[in-house]
Amino acid sequence: MPQIETFYDVMRRQGITRRSFMKYCSLTAAALGLGPSFVPKIAHAMETKPRTPVIWVHGLECTCCSESFIRAAHPLAKDVVLSMISLDYDDTLMAAAGHAAEAALMDTIEKYKGNYILAVEGNPPLNEDGMYCIIGGKPFVEQLKMAAEHAKAIISWGACASYGCVQAAAPNPTRAVPVHKVILDKPIIKVPGCPPIAEVMTGVITYMLTFDRLPELDRQGRPAMFYSQRIHDKCYRRPHFDAGQFVEQWDDDYAKKGYCLYKMGCKGPTTYNACSTVRWNEGVSFPIQSGHGCIGCSEDGFWDQGSFYDRLTTIKQFGVEATADKIGLTAVGALGAGVALHVAASALKRAQKKTQEKTEA
Amino acid sequence: MDERVINIHIPNPDAPIPLEAARLTGAARPEDIESIFLKTSVYVYEVPVRLWHWLNAAMIFILMGTGYLIARPLPTMEIAEATDQFLFGYIRFAHFAAGMVLTVAFAARIIWAFFGNVHSRQMFKLPIHNPRWIKELIFELKWYLFLVPQPKKYVGHNPLAHAAMFFFITLGMTFMIVTGFALYAEGAGQGSIYDQTFGWVLGLVGNSQRLHTLHHLGMWSIVIFTIIHIYAAIREDIMSRQSMLSTIVSGWRTFKDDRAE
Chain A
1 MPQIETFYDV MRRQGITRRS FMKYCSLTAA ALGLGPSFVP KIAHAMETKP
51 RTPVIWVHGL ECTCCSESFI RAAHPLAKDV VLSMISLDYD DTLMAAAGHA
101 AEAALMDTIE KYKGNYILAV EGNPPLNEDG MYCIIGGKPF VEQLKMAAEH
151 AKAIISWGAC ASYGCVQAAA PNPTRAVPVH KVILDKPIIK VPGCPPIAEV
201 MTGVITYMLT FDRLPELDRQ GRPAMFYSQR IHDKCYRRPH FDAGQFVEQW
251 DDDYAKKGYC LYKMGCKGPT TYNACSTVRW NEGVSFPIQS GHGCIGCSED
301 GFWDQGSFYD RLTTIKQFGV EATADKIGLT AVGALGAGVA LHVAASALKR
351 AQKKTQEKTE A
Chain B
1 MDERVINIHI PNPDAPIPLE AARLTGAARP EDIESIFLKT SVYVYEVPVR
51 LWHWLNAAMI FILMGTGYLI ARPLPTMEIA EATDQFLFGY IRFAHFAAGM
101 VLTVAFAARI IWAFFGNVHS RQMFKLPIHN PRWIKELIFE LKWYLFLVPQ
151 PKKYVGHNPL AHAAMFFFIT LGMTFMIVTG FALYAEGAGQ GSIYDQTFGW
201 VLGLVGNSQR LHTLHHLGMW SIVIFTIIHI YAAIREDIMS RQSMLSTIVS
251 GWRTFKDDRA E
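Taken in sequence, the protein lines are chains A and B.
Under full-length UniProt numbering, the first residue of the first sequence carries the number 1, and numbering increases by one thereafter.
Under full-length UniProt numbering, the first residue of the second sequence carries the number 1, and numbering increases by one thereafter.
Okay, chain B solo, but in the shape it has when bound (with noise of 0.2 angstroms):
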């Protein structure tokens, strides 16, 4: 008797199995691959991650915006008496609320990477400790220096993608948001639930100048996190072999051509 059960989605049993690097580096699920014998593209981004994105993308554009602003102030204006004029604190209030809601939304984020697939949890960790994810690392890397002629499919990041949403984005904003806090912190006083929270990164720093230009230099890596990521995005729309833009909107990932790998 025949074990094995013909399988409509295998129409040859002696193809290789398909995505080896993005299943070898965890980034790709049986049902993904099941997904792709079926049709050209794989549900990736949940409703939650891509709220979370745009909604974190808007946050992080306000933030840029004012925080330059608060650091570089408009040139004085003089609309009313001091009384009634409360233009550079509502440039502050802006950043402060931003900086609120990205606060939340990311702590909502953390939380659904518990309930979400594996996507969700990618830029989370990084698989240092996986060799082959090393190696795919050197070889995105290597496509996007010209060096090799095809990249391969991936169904989440690519690893580059992942070291840079690991680094800027999870470390990054985290770094941001604690910071941010701190300064917040020194305007809310102490014995405020953010001093009581977030008023040792002030001790840790020991001046709070200091603490300033940390958080400016923050955003300045935020500055060059967006650039790269817009970048890469439309170039990878273009010239990769799936889908970038439209998949962040609609959460499904297309492929271009029906090459296993």
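Only chain A is shown next, with the shape it has when bound in the complex (with noise of 0.2 angstroms):
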């Protein structure tokens, strides 16, 4: 195996000092929710431990989680990240293009056998033996199951790798299908979003690399230190929420004063992600924060849930659409029309058999 930098080499290369990499360490240890006794652990891994290889392949997508990566709020995380990771692959970020890349990517394959790491950004269609996605001529699907076979893990970037996102919503023309549908047995941790957030994409890697193993992963296979708690719970206008202060419409005086915005179909309770805790662009704001809404961009599924704006998940099997609420209050009506003809027909029976008891007395 060539000799590879140790990320400390790298960085230093960089011409990053000595404090400012233990400066790294100790926010990468907070960010993972570590103790102060882990900050001389990420650096010793990171000083004596090669750097991992990471094969970045992209299938039908949008690219906004390269663009969230790059945006990595701290600097330093994302020049870490980047240098810290020998991304020897990824056709957007590469110099290499055409052949070169292909040769790039069979070659990393081949070097690095057993020991890379693959992230996946997109998702692969189905239909039509998978022409709706080709790379370097060939159907993305297989790009992905040959760069698979030999990944010590993948990574399910965004909505899209791990649920399937827009292009896998109903009616799914292309068959677009999330990356663990197709590649059944390697360990795969979702980092759903669309985009997921920078700091949560560079803080699974920097997990990765420094501890070598895979995060604590949830029941749907997500890291649980980024995405164990819903928006809600850790919102900031939350106490508007329990004290029942909402905002009514968005134009209204309770949306100036920063109300809850449960009312306008805010999908935060239902959603599981860092957005609140680690926010986005340098921890500047993020929508609820801009007062919108959350739209639930990290769950499973979130374009086929009705609306943005509605709190409950739209019903489609009745031919029409419709909300638990319609469905509920038509069943109901219909039930009282029921009820109310049968007490008529119930009362008028009854008369009718006294008056004939009556008569035949």
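Check before you lean on any hint, since a few could be wrong.
Claimed, not checked - Taking lysine-lysine and the DSBU-like style, the derived pairs with C-alpha atoms no more than 35 angstroms apart in a straight line are:
hint, chain 1, residue 1, chain 2, residue 2
1, A, Lys-349, B, Lys-142
2, B, Lys-135, A, Lys-349
3, B, Lys-256, A, Lys-358
4, B, Lys-256, A, Lys-353
5, A, Lys-326, B, Lys-125
6, B, Lys-142, B, Lys-152
7, B, Lys-142, A, Lys-358
8, A, Lys-353, B, Lys-152
9, A, Lys-354, B, Lys-152
10, B, Lys-135, A, Lys-353
11, A, Lys-358, B, Lys-135
12, A, Lys-358, B, Lys-152
If you're looking for bench data, these hints aren't it; they were derived computationally from the structure.
Each chain sits in its own coordinate frame; assemble them with the hints.
This is the structure we're talking about:
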């Protein structure tokens, strides 16, 4: 195996001081929810471990994950992570193109069999033999399977790779499926979001490189440290929710006062992500802070739940789109009418019977 | 020597054994038959069953009201600063508390089914393998569709009520308890006891909003059951051949006529 530089070597080469490096280590430890005792451990790992090769493939997607990733809020974190991983193949970021790029991919797979991490952005469409997404002249699904075969682990970046996102929304003409429906025999970490938060992405990679193992995952295969709580659980507008103070209309006084957006269809109570704690763009803001409800982009099938402004999933099973309340009210109304009719019929029958008995007597 | 014991409860030994339908569907015990020779009433619902019924009814009303308000909150109220106002929190608290009481009561009700009389077990099993039960179910359905002039006598639930009880309460309420605790587990947090016991439901449904929607639809099914249940109880009390409303208060089923079936 060729000699690969350690993370520390790379950072020093990039002109990062030892002091900055130690700052980064403490920051990462804090971001990952680790105690101060882990700081020297992270530093030690960075100083001694060779960089892990990463292959980053792109299926059906919009590149918003990459866009988010290269804007990682803490500049140092971005630099470090981008240099830390030996990003040997990423058709959007790499300088090489065409045959040279494909050669780099084959090279990396060959050289680091069983040791590289496969990061997947986007997902493979399966209809028409996968012809809806062609990479290097071949269906993406083939590239994905080939690259996955010798991967140590797979990271599913974003809602596309994790759950399918917009291209898998009904009626899903290309039959786009999330990565875990195609790759069945590898550990897969889902980092959903459209896009995922940059710090979450770098945090996941840093954890894997530092500890040489997958982070703790929840039931849906997401890193528990970022996806174990709902936006709602840590939302700064939560006191207004508990008080029963809601925005009733987008332009009302309550909206100006920053009340809870629950009635405006905020999906915070049903969305697992770190937006309300990590926030976006160097912790500047996140959707709810800017006055719009969460749309639940990191949830499974978020395009198929109906309007972004409705808190109940649209039910399409009855031919027309309806909400649970419409169906419930219709059923109760119909039942009420039925009961009323039944009461009338019962009364009529009873009256009839009584007259009959009277005439018989 | 005459083997037959002359029983004062049987004035006419040649008379047919009463309550044929109830007997053959497993809803009337020999003691019940014995009892109606003696008096025109049968002790059906024991104290724990009646207590559970009313507690359960109260909890369901609280849960329906607060549940609806959680999904469709009251208009914004500015009684105080958010720090000092906990209106929505109290509504949610009432919902959770009623849910807990309902669950514990339901568990106690299940345990009671092991110790209580045959009627305490009726709602937990559906004798669909019994062709006579199916026949009686159709008969009762016909009674509700005004196709037969006279209903039959029943000691416990009539087959139609039995089926409704099984689907809406035994299965329906179990569904509401399971989805309810799965939703509660989200707030209680990962690793909590609720998450460990009911967290798998969210994994199964895949999306919390879908889970909320299912729980919400479940509420409507309970509303539908409530309407049917109350209407049928009142109607049966008036039009059937046995008592209904007083039975769930006193436990005694009284019959209005002396005919055997």
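Tested hints:
{"no.": "1", "hint": "A:Lys-349 x B:Lys-142", "result": "holds (14 angstroms)"}
{"no.": "2", "hint": "B:Lys-135 x A:Lys-349", "result": "holds (24 angstroms)"}
{"no.": "3", "hint": "B:Lys-256 x A:Lys-358", "result": "holds (19 angstroms)"}
{"no.": "4", "hint": "B:Lys-256 x A:Lys-353", "result": "holds (17 angstroms)"}
{"no.": "5", "hint": "A:Lys-326 x B:Lys-125", "result": "holds (32 angstroms)"}
{"no.": "6", "hint": "B:Lys-142 x B:Lys-152", "result": "holds (11 angstroms)"}
{"no.": "7", "hint": "B:Lys-142 x A:Lys-358", "result": "holds (26 angstroms)"}
{"no.": "8", "hint": "A:Lys-353 x B:Lys-152", "result": "holds (17 angstroms)"}
{"no.": "9", "hint": "A:Lys-354 x B:Lys-152", "result": "holds (19 angstroms)"}
{"no.": "10", "hint": "B:Lys-135 x A:Lys-353", "result": "holds (26 angstroms)"}
{"no.": "11", "hint": "A:Lys-358 x B:Lys-135", "result": "holds (33 angstroms)"}
{"no.": "12", "hint": "A:Lys-358 x B:Lys-152", "result": "holds (23 angstroms)"}
Of the hints listed earlier, there is not a single one the structure fails to meet.
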